[in-house]
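Chains A and B, in that order, are what the protein sequence lines are. In terms of my numbering, the first sequence opens at residue 852 and continues consecutively. In terms of my numbering, the second sequence opens at residue 852 and continues consecutively.
It cannot be assumed that every hint is accurate.
For identical chains, the list gives no copy identity; a pair is met inside one copy or between any two copies.
As a list, the in silico BS3-like pairs of lysine-lysine whose alpha-carbon atoms are at most 30 angstroms apart [unchecked claim]:
#1 1274 x 917
#2 1243 x 917
#3 1274 x 1211
#4 910 x 1243
#5 1172 x 1068
#6 910 x 929
#7 929 x 917
#8 929 x 1213
#9 1192 x 884
#10 1211 x 917
#11 1068 x 917
#12 917 x 884
#13 1043 x 1196
#14 1213 x 917
#15 884 x 929
#16 1264 x 1213
#17 1213 x 1274
No lab work stands behind these hints, which were simulated from the structure alone.
Now for the letters of each chain:
2 protein chains.
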Amino acid sequence: MNIDRHVSLNLNIRGLEESPTLALNERSNELSKQGIEVYNMTIGQSPFPVPTPVVDALKHHADKGKYMPVKGLPELRKEVAEYHRNKDGVEDVAENVLIGPGSKQLMFMLLLVYYGEIIVPSPCWVSYIPQAQIIGRNVRIVNTTFEDHWNMTAERLRELLESEHDAYRPRILVLNYPGNPDGLTYTVEELKEIAEVARQYEVVLLSDEIYGQLHHKGEHISVARFYPEGTIISSGMSKWCSAGGYRLGTFTFPDDLTWLMEGMAKAASQTYTSVSGPIQYAAIRAFQGGLSIERTLWHTRRIYATVANECAQILTDAGVKLHPPEGAFYLFPDFSPFADKLRDKKGIEGSTDLCESLLKEKHVAIIPGDAFARPPTELTARISYCNFDGGKALAASENIALHEDLPDDFTEKYCIKTINGVKRIVEWLSEVD
Amino acid sequence: MNIDRHVSLNLNIRGLEESPTLALNERSNELSKQGIEVYNMTIGQSPFPVPTPVVDALKHHADKGKYMPVKGLPELRKEVAEYHRNKDGVEDVAENVLIGPGSKQLMFMLLLVYYGEIIVPSPCWVSYIPQAQIIGRNVRIVNTTFEDHWNMTAERLRELLESEHDAYRPRILVLNYPGNPDGLTYTVEELKEIAEVARQYEVVLLSDEIYGQLHHKGEHISVARFYPEGTIISSGMSKWCSAGGYRLGTFTFPDDLTWLMEGMAKAASQTYTSVSGPIQYAAIRAFQGGLSIERTLWHTRRIYATVANECAQILTDAGVKLHPPEGAFYLFPDFSPFADKLRDKKGIEGSTDLCESLLKEKHVAIIPGDAFARPPTELTARISYCNFDGGKALAASENIALHEDLPDDFTEKYCIKTINGVKRIVEWLSEVD
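With the hints as constraints, model all of the structure from the sequences given.
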């Protein structure tokens, strides 16, 4: 074959970089293979096992080999709607729920089907921008700041829209809270203000609430409460249900946007067809919830909160800029107080340098802020504090009543690698101090 | 929300029709609900159960909730490569295998990543053309004829390429054999000739061999044998393994085209991420094969062949033009010998009229040739002869030694609805005769 790959490879694909998360994860694994103890804090994956009732449901339906309805099993769509009504207090009906092979795939289908511009506040999850790039959609990145709590603000949104010649061009604003990479969420007041601007300018909100149930206090609030007619809720079973590898995501549409769901279903019927049947049956069980699943969820939240707070304390005590963690399993520290010293003593000019140096010198792998669309010279990075044995930690937590705090030695016993990883970062900082 | 859906819906999606297969299936189901006995021969789904060892493997790995590698589990890729080496006699290595959530999704990713024109011989499977349409790729439909055995010929391909100003523009030719909708395959000689032209003009072949193992005599030959450097083999577990609803497909690339695989993997990492973990483990077992799975496969082939031949005989005896069935579970009869009478007595002007009339008058649902990119006035249609209880038929077949033919009353006992559906078509034809 002499076909010239430079001619026949779609240029939108050719421009794609490898996911920096995966690249750093691979480099960590290589170091491990060389016998080096690596503190791999790159991966955004729940360390906990899939809840037993969900695994049992999958076993029970393992023989379901027939094609499924494109939008998902009616019973699953019903359970998802009920879940959002119960958990999030938003109006939702089965007919407005779309099931897909991961919320990431559903987002891609949305961008494919919706002919408009995408607004993404940074720092943001690594896939929003490449997805838009693959399809050739226009992306507007809005940089937030540490002082903004890394949140999009109503003022910034209004400013952006008012600066446009065509304020009413079709747009989707992506909000992700509790957020990847920052582990922070919005206040009710902030969500109300954003909802108001979105309503005024008829901006569709894609509300990525995949970490909603991992709000550390169980107090997640959806923006759909304040802008029900224009909000699509994205969720799934990857994070709270620890089943990222199952590949099942959900979108919930308002009545006014079901034409988008229908368009996505048309495209789905020509592409992935439907989510794997046995997995859909397992998901029915997951979204039904109940005491056992709910209790597990409370334990995982308590563990995440405990680890997060301890890591945050260590960093803050060392002088790193960091907001107190609120949800998910990420911290997004800002090392700018050390900027001069890091530049002078280690030649570090930005987040990629910082992470390279940390990996080389301390064998701690974290992801540079650059990967989350932050300015490359900014000294931010994402720490995933979920690199512990979730099975063991969960079993230990289950012996401690839920109204109690976990004992002081809990993290030392069950999450020592996480704590030590963060301590090594501080150690590394002290070397230049 | 006042967002104008006519502005913000991607026009490539807006133009999509609902899949005619699904639409006719739904109408059949509606008639059934009214208490009418419908002969639904629209669906292209294996009626057999997923083999027990595969179901057991899925149960065994039901707790695998972690994210999987984008290209698929290394062990699965190895088994798929071995499978193609053993079954198809083609060179294949694990590193060149890509696992995806259905071969349909992989085809879509290929069209997305490959920047070139798509050549599709008609009659063809319903999704090739809409997929290209969604992405905005150019499609060249090459009409074959009954006399061509509904096959693409080397001559037609050469003619098409030579009529072009730019004979070497990047192109993919899609071949599907045994074929949907025709149930026919290619001879070795035909494949060799096509391979030669493809090589000369550097056309990539996408060889859709999803029905390969359902060649009724187990004599499937891949075109990759004759054009290894330019052929991508598409396969999966939907048809031979009766697990369409599991959603797992495979692509096998030649060394010269692994850059396409890498591009697809990049796009996959930003969209569907990977195939569901437990499903991948089940697939390892499926592709490992072995005596029990192989024996089941031989039984299903014998049943398909028996039903197919009986249906074909009934149609041919009545004067319908039809090639003897060779594989898959479809017949693609040509009713043109009845064209004048059907027009005069029933006002039928094309395949859609024909199928509408059959459904209304005889409650037999089959898919018009129009849906497979045939000229709308042509009187062709696809009959799926898999509307029987596969579990019962398989159990009965298992009591009859594999070297024997199934007894004369087998179809009457186990596939009576299929036979009666075809008989009703003949009855309907006799009304105009």
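Right, here's what the structure says about each hint:
{"no.": "1", "hint": "1274 x 917", "in the structure": "between (51 angstroms within a copy, 27 angstroms between copies)"}
{"no.": "2", "hint": "1243 x 917", "in the structure": "between (37 angstroms within a copy, 16 angstroms between copies)"}
{"no.": "3", "hint": "1274 x 1211", "in the structure": "within (16 angstroms within a copy, 75 angstroms between copies)"}
{"no.": "4", "hint": "910 x 1243", "in the structure": "both (24 angstroms within a copy, 23 angstroms between copies)"}
{"no.": "5", "hint": "1172 x 1068", "in the structure": "within (23 angstroms within a copy, 70 angstroms between copies)"}
{"no.": "6", "hint": "910 x 929", "in the structure": "both (22 angstroms within a copy, 25 angstroms between copies)"}
{"no.": "7", "hint": "929 x 917", "in the structure": "both (20 angstroms within a copy, 26 angstroms between copies)"}
{"no.": "8", "hint": "929 x 1213", "in the structure": "neither (49 angstroms within a copy, 36 angstroms between copies)"}
{"no.": "9", "hint": "1192 x 884", "in the structure": "neither (33 angstroms within a copy, 76 angstroms between copies)"}
{"no.": "10", "hint": "1211 x 917", "in the structure": "between (50 angstroms within a copy, 27 angstroms between copies)"}
{"no.": "11", "hint": "1068 x 917", "in the structure": "between (41 angstroms within a copy, 25 angstroms between copies)"}
{"no.": "12", "hint": "917 x 884", "in the structure": "between (42 angstroms within a copy, 21 angstroms between copies)"}
{"no.": "13", "hint": "1043 x 1196", "in the structure": "neither (46 angstroms within a copy, 67 angstroms between copies)"}
{"no.": "14", "hint": "1213 x 917", "in the structure": "between (51 angstroms within a copy, 27 angstroms between copies)"}
{"no.": "15", "hint": "884 x 929", "in the structure": "between (47 angstroms within a copy, 22 angstroms between copies)"}
{"no.": "16", "hint": "1264 x 1213", "in the structure": "within (22 angstroms within a copy, 73 angstroms between copies)"}
{"no.": "17", "hint": "1213 x 1274", "in the structure": "within (10 angstroms within a copy, 77 angstroms between copies)"}
This entry does not satisfy hints 8, 9, 13, going by the numbered hints stated previously.
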